[in-house]
Structures are given as C-alpha cells and as structure tokens.
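Peer 1: Count along the sequence shown starting at 1, add 35, and that's the number in this note's numbering.
Check the hints yourself; a few may be wrong.
Unchecked claim - Cut-off 25 Å, straight-line C-alpha distance, at most; resulting in silico cross-link-like pairs (SDA-like, lysine to any residue):
#  : residue 1 : residue 2
1  : Lys-261   : Leu-300
2  : Lys-422   : Arg-401
3  : Lys-446   : Val-469
4  : Lys-314   : Asn-56
5  : Lys-422   : Phe-92
6  : Lys-318   : Glu-383
7  : Lys-314   : Lys-272
8  : Lys-141   : Ile-380
9  : Lys-261   : Leu-248
10 : Lys-272   : Lys-318
11 : Lys-261   : Ser-238
12 : Lys-141   : Ser-238
13 : Lys-405   : Glu-38
14 : Lys-397   : Arg-177
15 : Lys-309   : Ser-238
16 : Lys-422   : Arg-66
17 : Lys-446   : Glu-434
18 : Lys-141   : His-124
19 : Lys-261   : Val-303
20 : Lys-405   : Ser-257
21 : Lys-272   : Leu-288
22 : Lys-405   : Asp-173
23 : Lys-141   : Glu-125
24 : Lys-141   : Lys-405
25 : Lys-405   : Gly-373
26 : Lys-309   : Arg-295
27 : Lys-261   : Asp-286
28 : Lys-353   : Ile-380
What the hints assert, rightly or not - Here are the in silico distance ranges between beta carbons for each label pair:
#  : residue 1 : residue 2 : range
29 : Val-82    : Glu-507   : 42 to 52 Å
30 : Ser-488   : Arg-69    : 42 to 52 Å
31 : Ala-330   : Gln-182   : 43 to 53 Å
32 : Arg-295   : Met-47    : 14 to 24 Å
Worth flagging that the hints you see were computed from the coordinates, not collected in a lab. Nothing here was measured: the structure is a model prediction, and the numbers come from that model. Even for Gly, the Cβ is constructed at its ideal location relative to N, Cα and C.
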Amino acid sequence: MSEEILINITPMESRVAVVENGVLQEVHVERTQRRGIVGNIYKGKVVRVLPGMQAAFVDIGLERAAFIHASEISSREGSAVESISALVHEGQALVVQVTKDPIGSKGARLTTQLSIPSRYLVYMPRTSHVGISLKIEDEAERERLKQVVADCIGAEGIEEAGGFILRTAADGARSEDILADIRYLRRLWDQIAAQMQTAGAPSVIYEDLVLALRTLRDLVHSRIEKIRIDSRETFQKVGQFVDELMPEVADRLEHYPGERPIFDLYGVEDEIQKALERKVLLKSGGYLIIDPTEAMTTVDVNTGAFVGHRNLEETIFKTNLEAATAIARQLRLRNLGGIIIIDFIDMEDEEHQRQVLRTLEKQLERDHAKTNIIGITELGLVQMTRKRTRESLMQNLCEPCPSCQGRGMLKTAETVCYEIFREILREARAYQAVGYMVLANQKVIDRLLDEESGNVADLEAFIGRTIKFQVEGMYSQEQYDVVLL
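Taking the hints into account, I'd like the entire structure generated from these sequences.
Peer 2: In structure tokens:
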C-alpha cells in the first residue's frame, strides 16, 4: 500500500494532502494570517472564575477569552479535582497550552498540563510518568522502549521530574535516535522555562511548528514512500529539519518543479470540492448523506440505485460494507470530530452487523485522531466519537450562507409573500400613508404579480390604499422591505 504526502505552498496558505494508492485520505490547510494555535503555550491572565462550572476564562491575547476546566489545572497528581476557586483567582497569571482551536462560537480550550512533541516522544515536564502509544501493541517492543527511555534519562543524568510518552513513530526506533529526541526536548523546555519567568501576560511563549514541518513530525511513518514539496524554499527548510531530527526520511523528500500544480496532478482539488458536499456517491450506486451540526455529525447510508444480484439482505450488506470504508475516509478527509451517529441500512443478520462494525473499526485504525466506537443503539444507529482539536475542512474553507444563515433551506416565495402581506397590515394599522412600495427579490415579485395578484387586490381593497412593487436584484429570496409612500 503506497502512501505519499504532497505539500503545496503559496505565500497566503500551506496545504498538505495524504494520498494512498492515488486516493486522497487527508487534507490540512493553514492560512498564513490565520494559523491554528493547538500546541501553543501562552502566559495568560485569568479574567473570570466560574465556580458553578468548575472552570475559568483566561485571556491569552485572542479575540475571545479561552476556557479551562478545573480538571485541566495541574495540582497534586492523582488527587481529586479541587474547587476552581481554590486553584485560580481573577487577575492571576497562568501558563497554559491550547488543546483545541477556537471553533465556531467557542473559545480555545486550555490545559496547564504542558506537553511538547518531537519525532518519537512527547515530553511532559510536570509529571514523572512514562507511557507508550496504544498503537504499539507488541509487548516485547513496549518493554524495550520503556527500558530505552530509562537508560537515556539515566545517561543524561536528568534529576528534575519530567515524563515522556513514546509516540507510534517510536516503534522500532534506535536508542540513539530516542536519546537525540530527549536532548532536543530538554533544550527546548529550558528555553520555554526561561521565557515563562520573564514574559508578561498575555503573551505567546512557544508556538508549534508551521504546517509543513508539523506534517513531517506527525504524519510520516514507514509506509510513506514520497514527500513531494512544490516550493524550493520550503523544500530547503524541510531538508534542514529532516537532517537535524529525522535523517532516515531524507531520501523520501522530493522537490516538485512541474508547471502543472501538484494538487491538480493528483486530482486533489476535485476531491476537496467533493468533500464540501453533503452527498458522497459510492461505487455500487449507493450514497451517504453527511450532515455536520453544532451538537453532532450524522451520516445516513442509502442503497440508491444499487440492486444486488441475490437478495435484498445481500444488497444491504454489500452497501453497508462499502459505506463503512467510505465513512472512515470521509471522517479523516473532512476532519469531522465530536459525536458521530451513523445510520446504516437496517440489517437483520447479526453476523452482518458484526462484520460492518469490524470493517469500520479496521478502517479507523489508520486515523491519526483518536476514535471510539460505542456500539449499536436499539434503533440500529452506530454511535462513535472522534477527537476534535482543529476546525473541520468545511469550517476552515466555508462560512454560513448569508441567505439561509446556515440552515441549508430558504423560505419559499409563497411564504415570503404572506410575510409581506402581514407586514403591510401592520404598517396600515400603525401609520397613515398614501400607499406602499414592496421591495423584494425577482421571484417573490413575480409571484405577487401572478399567483398572488387576487390576494394583493383583496388586501388593497381592505386597507383602502395602493400597493406597488419593485424588484431589488441584490436581495435574497427572504429579504424584503415595505416602504411608505
């Protein structure tokens, strides 16, 4: 299974695509003027303590204050969560790290349990725990890695408390590479600790790497065959980063100098457009409908035009199996997080249900974000969660429609006509006027002059005044004004 990473750089934005066997699996976008802040460390100022919510708002220099829960404020390890009022007070300076970007109307989420990632490790200066990624399943390898870290810490003579988590990339890593990572993280932490003493609040103490370098650190693994970069300047920066921290990746780096944009060459642009649509077509003729909302994302599976050769149960099973694979890809591609409810087509056969769930689990194993399938409800819905840290692809690239305010539906021309009639009646009771001018969208005016003309005549007779109409080309279907003449 061949995987490639494509990195497209322009002065305004950086984009990364993960392509597997020619099919786009993930896309990440970072705008130069609006970089994500997950992983950044700030010296913030507590602006409001909310005892009822066991939380506080912290000013870290953003438009909206960020949010921290009492459980995210380091106190005594392993002890029960203390009252927020005992942990912080208004006006207090607090060193915090962002765990979730501001999404929609919600401010950033924070923690004081700081962590700094490198290629193989995550360093946690405020704990003494050594953990290993659950994705490294081999027990012998887990023991080896624990021993390697213990030996490296012993060799360095590090006396201060500090914990490490070995990342999935550490599987099979040499002890000297892990030692190099530990040294790098210690140097970085010393710089951060020094800045924590001198910085004012609110201010940035540490910023995570830019997207291209973060991609190298977080997404590169043994199955990645090529990393193609279309900017010479970024290619050189990445080369430098790789020489220092990831020399084993150097031979996979490639500068793409072609005339044709790299994303066009791989069909990535078309796939990004498709990932913004509700409907996802399946090869069998079935389709998915994906609806992200504030509370959760729902995925509906339909057989569509697919008619199986044997029987209905077989048709449904085949569609659901294909949908399970497609859903896992769409969650990664669209970066959908939070609660996800999947409505597979009802299956009578319990073995079929198990196989569909197993397929979904298997496909989700390749996801970098943490996922958890809770199971099937009595209504036959699959409940799952996917960790949300950054905005989804749609939140990143789109904004709510100004005409429908994100409802995805417009009031019909008929509904708007009746609203206009009610508005005219209100105006007639409140003000004396010679007549009224209705300013509205072309479709609404057409209806008023055609299907509703009888109602308009009745209304004129009832209020004893004339009603005139004017088309406003810039108005949406729901917009109108009633002006006194």
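Peer 1: Now, for every hint given, state plainly whether the structure supports it.
Peer 2: Hint-by-hint comparison with the structure:
{"no.": "1", "hint": "Lys-261 with Leu-300", "result": "holds (15 Å)"}
{"no.": "2", "hint": "Lys-422 with Arg-401", "result": "holds (14 Å)"}
{"no.": "3", "hint": "Lys-446 with Val-469", "result": "violated (30 Å)"}
{"no.": "4", "hint": "Lys-314 with Asn-56", "result": "holds (23 Å)"}
{"no.": "5", "hint": "Lys-422 with Phe-92", "result": "holds (22 Å)"}
{"no.": "6", "hint": "Lys-318 with Glu-383", "result": "holds (23 Å)"}
{"no.": "7", "hint": "Lys-314 with Lys-272", "result": "violated (39 Å)"}
{"no.": "8", "hint": "Lys-141 with Ile-380", "result": "violated (34 Å)"}
{"no.": "9", "hint": "Lys-261 with Leu-248", "result": "holds (15 Å)"}
{"no.": "10", "hint": "Lys-272 with Lys-318", "result": "violated (41 Å)"}
{"no.": "11", "hint": "Lys-261 with Ser-238", "result": "violated (38 Å)"}
{"no.": "12", "hint": "Lys-141 with Ser-238", "result": "holds (20 Å)"}
{"no.": "13", "hint": "Lys-405 with Glu-38", "result": "holds (21 Å)"}
{"no.": "14", "hint": "Lys-397 with Arg-177", "result": "holds (22 Å)"}
{"no.": "15", "hint": "Lys-309 with Ser-238", "result": "violated (39 Å)"}
{"no.": "16", "hint": "Lys-422 with Arg-66", "result": "holds (22 Å)"}
{"no.": "17", "hint": "Lys-446 with Glu-434", "result": "holds (20 Å)"}
{"no.": "18", "hint": "Lys-141 with His-124", "result": "holds (22 Å)"}
{"no.": "19", "hint": "Lys-261 with Val-303", "result": "holds (16 Å)"}
{"no.": "20", "hint": "Lys-405 with Ser-257", "result": "holds (20 Å)"}
{"no.": "21", "hint": "Lys-272 with Leu-288", "result": "holds (12 Å)"}
{"no.": "22", "hint": "Lys-405 with Asp-173", "result": "holds (19 Å)"}
{"no.": "23", "hint": "Lys-141 with Glu-125", "result": "holds (21 Å)"}
{"no.": "24", "hint": "Lys-141 with Lys-405", "result": "holds (21 Å)"}
{"no.": "25", "hint": "Lys-405 with Gly-373", "result": "holds (11 Å)"}
{"no.": "26", "hint": "Lys-309 with Arg-295", "result": "holds (21 Å)"}
{"no.": "27", "hint": "Lys-261 with Asp-286", "result": "holds (9 Å)"}
{"no.": "28", "hint": "Lys-353 with Ile-380", "result": "holds (10 Å)"}
{"no.": "29", "hint": "Val-82 with Glu-507: 42 to 52 Å", "result": "holds (44 Å)"}
{"no.": "30", "hint": "Ser-488 with Arg-69: 42 to 52 Å", "result": "holds (50 Å)"}
{"no.": "31", "hint": "Ala-330 with Gln-182: 43 to 53 Å", "result": "holds (46 Å)"}
{"no.": "32", "hint": "Arg-295 with Met-47: 14 to 24 Å", "result": "holds (20 Å)"}
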